[in-house]
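Asker: So the sequences go chain by chain: A and B. Just so it is clear: in the first sequence, position 55 is 55 by this note's numbering, and no numbers are missing. Just so it is clear: in the second sequence, position 155 is 155 by this note's numbering, and no numbers are missing.
I should point out that these hints are in silico values taken from the structure, not numbers from a laboratory. Accuracy of the hints is not assured; some may be wrong.
Chain B regions said to be covered by chain A (calculated; three or more residues, Cβ under 8 Å) [unchecked claim]: (1) 43-50; (2) 132-143.
Covered by chain A, according to a simulated footprint, are these stretches of chain B (three or more residues, beta-carbon under 8 Å) [claimed, not checked]: (3) 29-35; (4) 61-72; (5) 115-127.
Beta carbons are placed, not taken as given, at the ideal position from N, Cα and C, and that holds for glycine.
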Amino acid sequence: MAPDPPPRRPPDRLAEDLRAWTEQAGPVPTGEILARAGRMAPIPPEHRPHARALVGMAAAMIGVAAVIALALVLSGQTTPTTIAPASPGSGAPSTECDPAAISRAFAAVLPQTWQGAEPIDARFEVVGCRIRVTVSRLLTADEIARLTRDGNGLVDVVEPRTGRDS
Amino acid sequence: VEVGTVAFTGNAVTIEREVASLVALDDLDEFTAFVGTIEPPLRRALVGYYGLDVGREAAAEALAYAWEHRRTVLTLEHPVAYLFRVGQSRSRSIRRHFGTGHLPVLAEAADAMVEPGLHVALMKLSDRQRAVVVLCAAFEWTLDEVGTVLGVSRSTVQRHLERALRHLRVSLGVPAEP
Numbered sequence: 001m002a003p004d005p006p007p008r009r010p011p012d013r014l015a016e017d018l019r020a021w022t023e024q025a026g027p028v029p030t031g032e033i034l035a036r037a038g039r040m041a042p043i044p045p046e047h048r049p050h051a052r053a054l055v056g057m058a059a060a061m062i063g064v065a066a067v068i069a070l071a072l073v074l075s076g077q078t079t080p081t082t083i084a085p086a087s088p089g090s091g092a093p094s095t096e097c098d099p100a101a102i103s104r105a106f107a108a109v110l111p112q113t114w115q116g117a118e119p120i121d122a123r124f125e126v127v128g129c130r131i132r133v134t135v136s137r138l139l140t141a142d143e144i145a146r147l148t149r150d151g152n153g154l155v156d157v158v159e160p161r162t163g164r165d166s
Numbered sequence: 001v002e003v004g005t006v007a008f009t010g011n012a013v014t015i016e017r018e019v020a021s022l023v024a025l026d027d028l029d030e031f032t033a034f035v036g037t038i039e040p041p042l043r044r045a046l047v048g049y050y051g052l053d054v055g056r057e058a059a060a061e062a063l064a065y066a067w068e069h070r071r072t073v074l075t076l077e078h079p080v081a082y083l084f085r086v087g088q089s090r091s092r093s094i095r096r097h098f099g100t101g102h103l104p105v106l107a108e109a110a111d112a113m114v115e116p117g118l119h120v121a122l123m124k125l126s127d128r129q130r131a132v133v134v135l136c137a138a139f140e141w142t143l144d145e146v147g148t149v150l151g152v153s154r155s156t157v158q159r160h161l162e163r164a165l166r167h168l169r170v171s172l173g174v175p176a177e178p
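All chains should be built: construct the whole structure from the sequences, respecting the hints.
Answerer: This is the structure:
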């Protein structure tokens, strides 16, 4: 059996009903307020860095980062190439290894199309700090000299018959 | 005004005048007195606006804000209006917690002697209409006091009040006053 519905109050007591409805949400005691405030306690003003100081710190950090980046870029551009050109045909390994110099040398020797008296197959590879060119036939002295010159002395030529570096 | 004896009179202007006289007291005592004065009207305004659960939560959060910023809040000319705005701001996250689209009822509300159809009838009102009818009809705030807290003009408050009363009469089956 369903329970009896709650009695309706007289319709002229709207104000009283509204008060009763509103006061169902009980008061908020000071203790609860302080507990909530403690939960989200702000940083005391004396420990709170000023917004302007934060901006200044951020700007200083950005500035330092920019200076470091600039220094790195400039050092990369101005570092002298330390690879001394080896004497032609010597194949003497350089004591320094500069990737930029290797790249330049590699780009310089690659266009060699070997349109000499006879066609030739060549495989170019970077081995350590030098460029190894493995060719399918013996090279003439001029061809070796040209490779060595264009490769800034960083090229080692491997010929088929000897199987060893020139 | 003595600490702990400040009572809500129903007149927001009087309350604010009393609050202004409390500023010189020590922090906690001063704030306790402030809460005793400001909490009832603030809670009623927010409960009227957002309903029971969200309104009370918003009031508690606004008062927590008041404690954190008591140096500023206690010197305000209209602390109820200011904290009502704070409560509105805090209510966004509260409403996400309680959900939206309905007017929550506290668990113990079922035992209260409240007109059974009133809650549903209040649900059908807009937030402002509900706040206005609660503050004006139930707690006898003046139109100006309600307008100050809600940030609307006196004529707007009056319009909301008339519409809210008309809707409530229709919803509750109460004949219009002669």
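Asker: All hints, please: hold or fail.
Answerer: Checked hints:
{"no.": "1", "hint": "43-50", "verdict": "holds (count 4)"}
{"no.": "2", "hint": "132-143", "verdict": "holds (count 5)"}
{"no.": "3", "hint": "29-35", "verdict": "holds (count 3)"}
{"no.": "4", "hint": "61-72", "verdict": "holds (count 7)"}
{"no.": "5", "hint": "115-127", "verdict": "holds (count 6)"}
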